[in-house]
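Chemist: Listed below, chain by chain, are the residues.
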Amino acid sequence: MNPDLLFGKLTLDALPFYSPIAAGGAATIVLGGVAVVGLITWLKAWTYLWTEWFTSTDHKKLGIMYVILALVMLLRGFVDALMMRAQQAIAMGNEGYLTPDHFQQVFSSHGTIMIFFMGMPFLFGIMNYVVPLQLGARDVAFPLLNAIGLWLTAAGAALVMASLVIGVFSTGGWTGYPPYTELSYSPTVGVDYWIMALLIAGTGTTLSAINFIVTIYKMRAPGMGLMQMPLFCWTALCASLLAVFALPGLTVAGGLLALDRYLGMHFFTNDGGGNVMNYANLFWIFGHPEVYILILPAFGVFSTVIPTFSQKRLFGYNVLVYATMCIAVLSFTVWLHHFFTMGADANVNAFFGIMTAVIAVPTGVKVYDWILTMYRGRLRFDTPMLWSIAFILTFVIGGMTGVILSIPPLDYVFHNTLFLIAHFHNMLIPGMLFGLFAGYAYWFPKAFGFPLDETWGRRAFWFWVVGFYLAFMPLYVLGFMGAVRRMTYYDQPEWQVYFIIAAIGALSVLLGIVSQIIQLVVSIRNRAQTANLAGDHWGGQTLEWSTSSPPPEYNFAVLPTVCTLDAFQVAKDMGTPHLWPERYEPLEVPRNTMVGLVFGALAFLLGFATVWHIWWLAGLAIIGIVGITIARSFATETTRIIPASEIALTELRWKQAILAQQGDAQ
Amino acid sequence: MFKDSLFDPAGPVSAATRDLFFDSVGLMLIVVAPVFLLVGFVLWRYRAGTGAAYKPHWAGSRAVEIGIWFMPVVIVVALWFIVWNRTHALDPYKPIASGLPPLVVQAVALDWQWLFIYPDENVAAVNRLVFPVGRPLTIELTSDTVMNSLSIPALGGQIYAMAGMETQLNLLADRPGVYDGRNTMFSGDGFSAQTFAAEAVDVSGFQSFLAQARASGDALDAAGFETLSTPTIAGPVRLYSTVEPKLFHTIMAAHGSMPEMAPAANHAEHAP
Amino acid sequence: MSERQHPGINLTHARPQDARHAEVTVFGFWTFLMSDAILFALLFATYASMVSRTAGGPSGAELFDIGNAFLETIVLLLSSFTFGMAAVALKEGRQRAASLWLVVTLLLGLGFLGLELREFSSLITQGATPQTSGFLSSFFVLLSLHGLHALVGCIWIGVMLAQIAIFGLSRPVRSRLLRLGLFWHFLDLVWIVIFTLVYLPVVSA
Chain D
0 MNPDLLFGKL
10 TLDALPFYSP
20 IAAGGAATIV
30 LGGVAVVGLI
40 TWLKAWTYLW
50 TEWFTSTDHK
60 KLGIMYVILA
70 LVMLLRGFVD
80 ALMMRAQQAI
90 AMGNEGYLTP
100 DHFQQVFSSH
110 GTIMIFFMGM
120 PFLFGIMNYV
130 VPLQLGARDV
140 AFPLLNAIGL
150 WLTAAGAALV
160 MASLVIGVFS
170 TGGWTGYPPY
180 TELSYSPTVG
190 VDYWIMALLI
200 AGTGTTLSAI
210 NFIVTIYKMR
220 APGMGLMQMP
230 LFCWTALCAS
240 LLAVFALPGL
250 TVAGGLLALD
260 RYLGMHFFTN
270 DGGGNVMNYA
280 NLFWIFGHPE
290 VYILILPAFG
300 VFSTVIPTFS
310 QKRLFGYNVL
320 VYATMCIAVL
330 SFTVWLHHFF
340 TMGADANVNA
350 FFGIMTAVIA
360 VPTGVKVYDW
370 ILTMYRGRLR
380 FDTPMLWSIA
390 FILTFVIGGM
400 TGVILSIPPL
410 DYVFHNTLFL
420 IAHFHNMLIP
430 GMLFGLFAGY
440 AYWFPKAFGF
450 PLDETWGRRA
460 FWFWVVGFYL
470 AFMPLYVLGF
480 MGAVRRMTYY
490 DQPEWQVYFI
500 IAAIGALSVL
510 LGIVSQIIQL
520 VVSIRNRAQT
530 ANLAGDHWGG
540 QTLEWSTSSP
550 PPEYNFAVLP
560 TVCTLDAFQV
570 AKDMGTPHLW
580 PERYEPLEVP
590 RNTMVGLVFG
600 ALAFLLGFAT
610 VWHIWWLAGL
620 AIIGIVGITI
630 ARSFATETTR
640 IIPASEIALT
650 ELRWKQAILA
660 QQGDAQ
Chain X
0 MFKDSLFDPA
10 GPVSAATRDL
20 FFDSVGLMLI
30 VVAPVFLLVG
40 FVLWRYRAGT
50 GAAYKPHWAG
60 SRAVEIGIWF
70 MPVVIVVALW
80 FIVWNRTHAL
90 DPYKPIASGL
100 PPLVVQAVAL
110 DWQWLFIYPD
120 ENVAAVNRLV
130 FPVGRPLTIE
140 LTSDTVMNSL
150 SIPALGGQIY
160 AMAGMETQLN
170 LLADRPGVYD
180 GRNTMFSGDG
190 FSAQTFAAEA
200 VDVSGFQSFL
210 AQARASGDAL
220 DAAGFETLST
230 PTIAGPVRLY
240 STVEPKLFHT
250 IMAAHGSMPE
260 MAPAANHAEH
270 AP
Chain R
0 MSERQHPGIN
10 LTHARPQDAR
20 HAEVTVFGFW
30 TFLMSDAILF
40 ALLFATYASM
50 VSRTAGGPSG
60 AELFDIGNAF
70 LETIVLLLSS
80 FTFGMAAVAL
90 KEGRQRAASL
100 WLVVTLLLGL
110 GFLGLELREF
120 SSLITQGATP
130 QTSGFLSSFF
140 VLLSLHGLHA
150 LVGCIWIGVM
160 LAQIAIFGLS
170 RPVRSRLLRL
180 GLFWHFLDLV
190 WIVIFTLVYL
200 PVVSA
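Chains as they are written, first to last, in numbering that gives the first Met the number 0: chain D, 0 to 665; chain X, 0 to 271; chain R, 0 to 204.
Don't take each hint at face value.
[To be verified] Where chain D lies over chain R, by a calculated footprint (3+ residues, C-beta under 8 Å):
hint, segment
1, 25 to 33
2, 96 to 108
3, 127 to 133
[Said to hold, decoys possible] Computed cross-link-like contacts, DSS-like style, restricted to lysine-lysine with a CA-CA straight-line distance of at most 30 Å:
hint, chain 1, residue 1, chain 2, residue 2
4, X, K93, X, K245
5, X, K54, D, K571
6, D, K571, D, K217
7, D, K654, D, K571
8, D, K217, R, K90
The set of hints was computed from the structure by calculation and includes no laboratory data. By construction, the Cβ of each residue, glycine as well, lies at the ideal position given by its N, Cα and C atoms.
Sequences are here, hints too, so could you generate the full structure?
Modeler: See below:
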């Protein structure tokens, strides 16, 4: 039999023996995977993981799994960052320790992972956990679809990780501009891995976003109007709407590029009538809203954390809602500012420059609203609040450099330089990542019933903030000096000192990440002393704090009736934080199902088979996906009933915990 | 430290861009500086346990809200005028006013070198761009490979070079010097070394450059271009004494340019 | 309440949570169609920008057979009508009639796919393949994506015929038929744009 038919392009050459560093990375992934599997087997945890997690459709568990995926991918993306900083700190007048090809794979996977497989899962995880609880809902609108969304995202991430062991990754950067990524210039499978990972994860994200839109519009607690909704839910709604409207841009850009590569079509090729400018437009029609998909939910986290730790109501709720909506709409009107230098007419460039400057208005208003929330409050500086303050101070710098880049003549100079790199890290690290860390610290006690260790949390915070400034302020300077992005090496001696400072910054961030790992270990070890089942760990204002920690599977035994903003705060002010009904009703919840996981596995196989041209496997995977969809539509017993007695018992246990806590307090 | 950068401009375009930079930063500081002062003040004054005023239910004030919209709006409206005017004034396609006719150079991006054709002088240079100081320079760009972007920070902005299309960049050096030029758009393995020297020289210097090129004896014909366009990392400077007529347009046509789509005066066409 | 929300599937005698469930799923499906519509809009934009990029190959005026396209349009519009008849039968609870009209719709859908495949094969035998030029790439991809949707719609109709046979016109079946109807009419709508943007300019030129 012809091996090409069986294995497609896959041969033993796909193993990464081309460089000892790449082989080391692959070995780390393989050994890490083996170690995890071994540990689970040793702990005999497979049944537990399967029944409680992998087959779950509970939004809380899916949320936690999203965050775990994001944290794992954060480690991978950060190792890429460290490798880049080390390379550029060394490579003055020499070639450094990485070959150009390897360095290019590293910056491509860094960007791809941090945007699509760290940022997106992290925020979808937090949204998953928090939004239904804040809405006073028992779950999202489509629990199974939610699970499919998670496992498709995981399948995309798994493809990126697989590229480290089998074959190579793209060298075309996270934007993958053709014609460089066309077959004639990038003949390896790297770009195919990149496309398949994005298309699969993008499908998952679209499904999740539809789910959140429906949940937010249709599943709110009785009496909760849209304007009584916590601000975090508003930002989740805007991000989801953006995802539904914007992701088709990525699907089309990536899909057409794949057709060029696989079927020899001419969408973006240099010959045959292709047009590379179409790609730039399609990609950034997606890409710019994507930035706000990442940042808006983090704004929602800050709008939740800042009032809680100021012990005060959020200032200007209505204004913040309108500002959020404004940003969401405007984000579709500015995509061309990513390629002012493509030679468009001055009128066109000026128009898009003006539209971009407009976005600064609602964003600036938000910053002032957060400051006014703190004004005349009683500020407590726990770690979620520290992240928020660092965000405000750092983000305005990024905003300023953003306005600079939005002015076309300045962009002509700074485009493609390290100034641009510094700018968008200056937006995304404080704007997105600090928000996600704040949310992680803030909702951790809700999710697990015990808080994260504050001491290690503060250490992590300071290492991160100092590391951020050390790593990225020098890049602004280098941008002024004319250093461009994606250089493997350079020959300007005066640049090197700034690259070395940036590398030191990356090391500080490394200490921050190590601190976060220690924090997690210490917190789990001390959980017996710090456990707090009662639920309201921080003195929260929104409904998620009106449940036990962790909340029961059904979230609310009785759906809360809401007539005001900050419903839980108002209930506490009135002295009736909890309602204890006489009698409980049985509740219907979705049964566990392996459909989501199987979907993800089949999508991974489809992606992997397509990358390597193993067509029989790809065909089987498609048949499997269609088959499982049809089979599922014939299933009738998809829910189960939690009996009232079980609910009564759970609620009683929680009530006792609250009474015990009140007893301790007296 | 900022030698030959935006902050050490060597021509009117970069000088105007530098002024624009400082203008816009100054304008934005009107909104941004108060943020730093306010945050510092609020954090210190209202930390828990100071006994400062505490208004837990204060969540809105019409007057304050109008104020916080008003300031950014004013600044941004001011920015609009700046953006509109300067974008037109500093349009890379706009010829630079001067008593002298511009020197036209046709730049072709290759893997990973730059070819500069002097069509009126009928010479060409690789990885070296020589031009007279004080005389406008009109660079017409295309690419024989992936997307590139030509930048000489000391003189001004950059513009993409794309296969089958022509883009344009107008610059002027008002002091002699050797400035760094490079491709800023990632293009593959040789990208890091894809630099060239942009030399602004006086008239006699330019004449001697032309003479040097003509004396080189190398002809840039179809075969010569074929050799030149094979991927080369950190290639040497080369000079050509003659260039095949209309080579620039032949290269564009090889990538499917349609004559009606590439009038030199128009900007690169755009997808709708 | 429930009747007002979804008269099309007649949930009058259903449980209240069924109406709520239908409301949620139908809204979700609309949201999905919105995303899908943007996907098509971007492909239309791509096509419009590629029309002149024939790279020396044939143009639409030389290739397109407006007669065949018109026939495809008629078949597809007719299938929307027959789906409408199925929906009326569904509302009135006439199970056999609903199934029958769905079978007719399915046949028309398959007929449309057949006509489209005939057009593709005729183009390819003339040497006008998706690899010929940017114009033809965008033409084939735009039409294939629509055709793929039509294929999914046909499979869906087949599945629903089986479900009607097994479950009768149960609440989930009716809810699914309502969404299938949205999907089928959406296909029609996209085709109308294709006909207008791809074929009609050729005639007027």
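Chemist: A separate judgement is required for each hint: does it hold in the structure or not?
Modeler: Hint check results:
1. 25 to 33: holds (count 5)
2. 96 to 108: It is violated: at least three residues are needed, and the segment 96 to 108 of chain R offers just 0 whose Cβ sits closer than 8 Å to chain D.
3. 127 to 133: holds (count 5)
4. K93(X) to K245(X): holds (24 Å)
5. K54(X) to K571(D): Between K54(X) and K571(D) the Cα gap is close to 17 Å, so the pair holds against 30 Å.
6. K571(D) to K217(D): holds (26 Å)
7. K654(D) to K571(D): holds (16 Å)
8. K217(D) to K90(R): holds (25 Å)
In summary, the structure is inconsistent with hint 2 from the numbered list given earlier, while agreeing with all the others.
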